[in-house]
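Colleague: Chain by chain, the residues:
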Amino acid sequence: LMYSRCLCVMYSHFSVRSFVNYEVKEDVAVIRMNDPNSKVNTLSVQMQTEMTEVFNEVLANNAVQSAVLISSKPGCFIAGADINMIQACKTAEEVTKLSQEGQKMFERIENSPKPIVAAINGSCLGGGLEFAIACQYRVATKSKKTVLGTPEVMLGLLPGAGGTQRLPKMVGIPGAFDMMLTGKNIRADKAKKMGLVHQLVDPLGPGLKSPEERTIEYLEEVAIQCAKDIVNKKIALTRKKGLMQKAQDYVLGIEFVRQQIYKTVTGKVMKMSKGLYPAPLKIIETVKAGLEQGPDSGYLAEAQNFGKLAMTSESNALIGLYHGQVACKKNRFGVPERPVKNLAILGAGLMGAGIAQVTVDKGINTILKDTMVDGLSRGQQQVYKGFNDKTKKKTITSFERDSILSSLTGQLDYKGFEKVDMVIEAVFEDLNIKHKVIKEVEAVISPHCIFATNTSALPIKDIAAASKRPEKVIGMHYFSPVDKMQLLEIITTDKTSKDTTASAVAVGLKQGKVIIVVGDGPGFYTTRCLAPMLAEAVRVLQEGVDPKKLDALTTGFGFPVGAATLADEVGIDVAAHVAEDLGKAFGSRFGGGNVEVLKTMVEKGFKGRKSGKGCYVYTPGLKSKDVNPDLEDLLEKYKLAANPSVSSDSDVQFRLVSRFVNEAVMCLQEGILNGPVEGDIGAVFGLGFPPCLGGPFRFVDTFGADKLVEKMRRFEHVYGNQFTPCQLLLDHAKDSNKRFHK
Amino acid sequence: MASMLMNPLRSFLFTFVFPLTLSVSVSPVQTKSKKTLAKPGVKNIVLVDGVRTPFLTSGTTYADLMPHDLARAALQGLLHRTSLPKDAVDYVIYGTVIQEVKTSNVAREASLGAGFSDKIPCHTVTMACISSNVAMTTAGMIAAGQCDAIVAGGVEFMSDVPIRHSRKMRKTMLALNRAKTLGQRLSLIGSIRMAHLTPELPAVAEFSTAETMGHSADRLAAAFGVSRLEQDEFALRSHTLAKQAQDSGLLSDVISFKVPGRDMVSKDNGIRPSSMEQLAKLKPAFIKPHGTVTAANSSFLTDGASAVLIMSEEKALAMGYKPKAYLRDFVYVSQDPKDQLLLGPTYGTPKVLERAGLTMNDIDVFEFHEAFAGQIMANLKAMDSDWFAQTYMGRKTKVGTPPMEKFNLWGGSLSLGHPFGATGCRLVTTVAHRLQKEGGQYGLVAACAAGGQLSMKVKQAYP
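Chains A and B are the protein sequences, given in the same order.
Here the first sequence is numbered in the UniProt record's numbering, starting from 1 and rising by one per residue.
Here the second sequence is numbered in the UniProt record's numbering, starting from 1 and rising by one per residue.
If you are wondering where the hints come from, they were derived from the structure by calculation, not from laboratory data.
Possibly wrong hints are sitting among the right ones.
Stated by the list, open to error - 25 Å max Cα-Cα, derived DSS-like pairs, lysine-lysine:
hint, chain 1, residue 1, chain 2, residue 2
1, B, K351, A, K209
2, A, K209, B, K171
3, A, K241, B, K288
4, B, K258, A, K190
5, A, K240, B, K283
6, B, K283, A, K392
7, B, K437, A, K234
8, A, K394, B, K351
9, B, K283, A, K233
10, A, K240, B, K288
11, A, K142, B, K351
Claimed, not checked - What follows is a list of derived Cβ distance ranges for each label pair:
hint, chain 1, residue 1, chain 2, residue 2, range
12, A, S18, B, K288, 51 to 61 Å
13, B, R395, A, K439, 48 to 58 Å
14, A, S398, B, T391, 42 to 52 Å
Quantities reported herein were computed from a predicted structural model and do not represent experimental measurements.
Here a beta-carbon is modelled for each residue, glycine too, at the ideal position from N, C-alpha and C.
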């Protein structure tokens, strides 16, 4: 003991390292990682350099038999590689070199004569996971924060430090593809079942130290024991395989079977990505190279493909979205004067209940108010179902479900509204009703209470006109279904106070939303971009393109949901309403398709998915859907002759997209948008703008404003001012140095 | 004993019980000149006497009985010991945890069976491991002038537990009751599938957290850095002291019980002093492979019943009894059922002392329920920590630990056994007996129970 204490003193004395350090406990080296400049550890240059140094010392130290690798940060092992390090590279070769350095380092870890145990608490993602799986043994805490995964594919990359080669061996080919192609997070207990970690440790409660601190200490104690046991041969590193495992290994040993797997997986990827995303295909190719041609080819393919992917516009777009998302998860308006602890929602419809669902589990007492018992009961059931589904999936216990729901009060009156800090109304989209509600509510709430209105198109200042305290009025535009859609669009008027905005953003962040804050105006940002595209979609339908074809064209461009399906999802009545309102506000620029098409559909009861019929016919229980046969007759009545010069597939795609993009750029020009980052995030997360293009602004940068303007001029020639490029877009077209994103 | 707990069915049941704690303060006969804790205007409540059946490892000699048989034995033993007329009590209250459905008010069945007057009302209470403590504290009815004499007790019978049909099967069977035509009946019978036949075992875990008690105890021990060695040492101490107490005839609360169809039983059968080497051989029972809680350092599944006679002081004296102790004060506390499930004694001790106006130094006899050696050690560490007291209890300084030379000197639940519902009365009677034997003035009882609750009592020796 004395000896080891001396060593510790010595190391800390001589070391100038700030990221990685180690101490020797008996004969185990405990290597601790802690990035002093960040909340999370990343595999930055500094981290890697110090890690190599430490590793060399550990190998050279005769007093050390084994090592434990652990993070000192609660909630994070290693969150991944440093993205900036990759982005700083100019060429594919540079990135390939980075990858090869990583591969080399982990190869040394894998071949280390002294066993290394990775002790994982918190996120272990990307490069962090690759590091962990290069170690000889893995122990993880069962904490909810402990997740393992390879999210590289979501950044348009692949696991570039040996992951594509080690994972198939560790969790099997199908398991490895599932992890790498979806990038999903895997919780500790699942990871144990998959064979990704060897042993689990329970998180601890209060003791003689804080739970977080003591849990890390406990994990370290258990990991040290594992390290010793590996050296003593009490723990065997080759695991006994079960019968299932042996059978699976046998089957996957057959080349024909493997070829079938590659084929099936490639087919699935092509179906889902339409070939627009190169990363998944490269992942398959790389795994295949390793399995079919041996490790040397595999590692080489990994490094080279990693380099190639890093230079793609898709990866650039996805990384841009990642950064944007991080930025939109911050409150740039500061800390609100008083936190919202009690919140009331008016209207228990789809939106109202959805908002309640994302609020009530964040420790906010939530009132859900409706005017009718039936509506209220339906809404409460929706919230219950949301949490009960989580119970079924075992992400929460039934006790947690009940405990969460105890903070939800369903009621028909305004009881308790005097204690409420914020009211979010989600009543019918009608200015008169909204005015009536605002007056009723202001009679019962306390002076500090914020009034937020959830509307998709009505200008907030018009709603606020009925308020006695417009500085407390703000728009919070949620997207349906609220519990699934990440975006929240917050709309401020000239009169909205900064504290009101700060408070709304704080609530939205608590609800787990990605937030854009935009200026007031008809349709704000998102609805205003979507409306012209939908108007164009109606014209395309009138010109004789059938809904299935329209959907194929839009999804083929990268939209996750086709335009016709999207209209059905949003609701044809809502679309008609918005088209009419915005048409009045913006005039002929918002024209294109005939609004009467939508109106007639509504009259006939084709209101979209919710009514069972829209562009398609929806049969409950059936996933496939057929085109609504009555729609054909209806469209026949409004038929327009297509102009062949602007009706090729590609032209139709660009007609739809250019109107969207032009309107987005105009929102920036008019100051509705705070910047291109929020514009991109809003379009991708709220409207499903193709993620591989990174949003309308990045699309203009990548595609070229001049080329887009050229196309628009051609459409303008046929259809008129709906395709007139806005001034800002023209400025960018004139000067190719002008870019929205640096 | 060890092997008993390794059996998965047994260890699970065992876990279910522990989340509550009770502490009783008993004060014995006034031997030293310490202040009395009598409160002006409130009747003094006294413990006249207490008995229990021998505590047996479940599945042994009691195996063919029913819970009320055990409770009846304890009641008859009490009648015999105190020569109490069968109509002299006003109320009978029993505590139990895992209820036999046929005798859900086990107090009534046992009381009638023991020959008590059928005019005596009886009720049954439940609060996990401190159920009989609840039964005893209902003696508050005496202070309130409702009664003058009550019998309180507890019973637990783990040799047989209610195992139900699955919910699906129950639903089908109930629907079958209502079916009117043969066709309806046949179609219901036809709907029965293999899955319907899977039985439903009694709760394996804490309902709110789905965590078993042993698992929670292991995490608690780890949180407080209690080593395996410390736990084994404490378990060995418990068994050694229990053996000494048994051999020297100190466990005088145990009555002999002629089990129908079997032999006479007059001794607890779970006391097995072993060696540290033997204990060290066991593998962890709950958290594998690195846990520290083993079958040997946990309490085991036990059958047993207990009963105490509680009266107002005037009534006891009028009936010619010499009471054994005053029951002075009690408090129940509860905490987070996940991470502080078994920390009741730490929270309850200072509270009950404060209420009684005493300090730790005033207490001569401590009897803490030993659910797990790790749980006792964790509590002792928590009570010794300023940081814990400041961070979680809102206190300025630590609670302070009971001196081991006053602590569970006649063994505890680890060695004597722990019939969930019956342990509370055993603790209280033991404190009274120890106060008499050791000549102490004040005693403190603490027990923790499932749900994160605890009860504490202070007793004063009867002069």
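Colleague: Now tell me, hint by hint, if it's right for this structure.
Modeller: For each hint, the structure was consulted:
For a cut-off of 25 Å, the pair hint linking K351 (chain B) to K209 (chain A) stands: about 23 Å separates their Cα positions. Distance check on the hinted pair: K209 (chain A) and K171 (chain B) sit about 49 Å apart at the alpha-carbon level, beyond 25 Å; violated. The hinted pair formed by K241 (chain A) and K288 (chain B) meets the criterion: a straight-line CA distance of about 20 Å does not exceed 25 Å. Between K258 (chain B) and K190 (chain A) the alpha-carbon distance is near 54 Å, which puts this suggested pair outside the 25 Å criterion.
Note on K240 (chain A) and K283 (chain B): the hinted pairing holds, with a Cα-Cα distance of about 21 Å set against a maximum of 25 Å. A distance of roughly 34 Å separates the Cα atoms of K283 (chain B) and K392 (chain A); the hinted pair therefore is violated under the 25 Å criterion. At most 25 Å may separate the alpha-carbon atoms for a hinted pair to count; K437 (chain B) and K234 (chain A) exceed this at roughly 51 Å. For the suggested pair K394 (chain A) and K351 (chain B), the alpha carbons sit about 38 Å apart, so the restraint of at most 25 Å is broken.
Taking the CA atoms of K283 (chain B) and K233 (chain A), the gap is near 18 Å; set against the 25 Å cutoff, the hint holds. The hinted pair formed by K240 (chain A) and K288 (chain B) meets the criterion: a straight-line CA distance of about 18 Å does not exceed 25 Å. About 35 Å separates the Cα atoms of K142 (chain A) and K351 (chain B), which puts this hinted pair outside 25 Å; it is violated. Take S18 (chain A) and K288 (chain B): their Cβ atoms lie about 38 Å apart, and the range 51 to 61 Å is violated.
In this structure the supplied range 48 to 58 Å holds for R395 (chain B) paired with K439 (chain A), their Cβ-Cβ distance being about 52 Å. Distance hint check for S398 (chain A) and T391 (chain B): the Cβ-Cβ separation is about 31 Å, which falls outside the suggested range of 42 to 52 Å.
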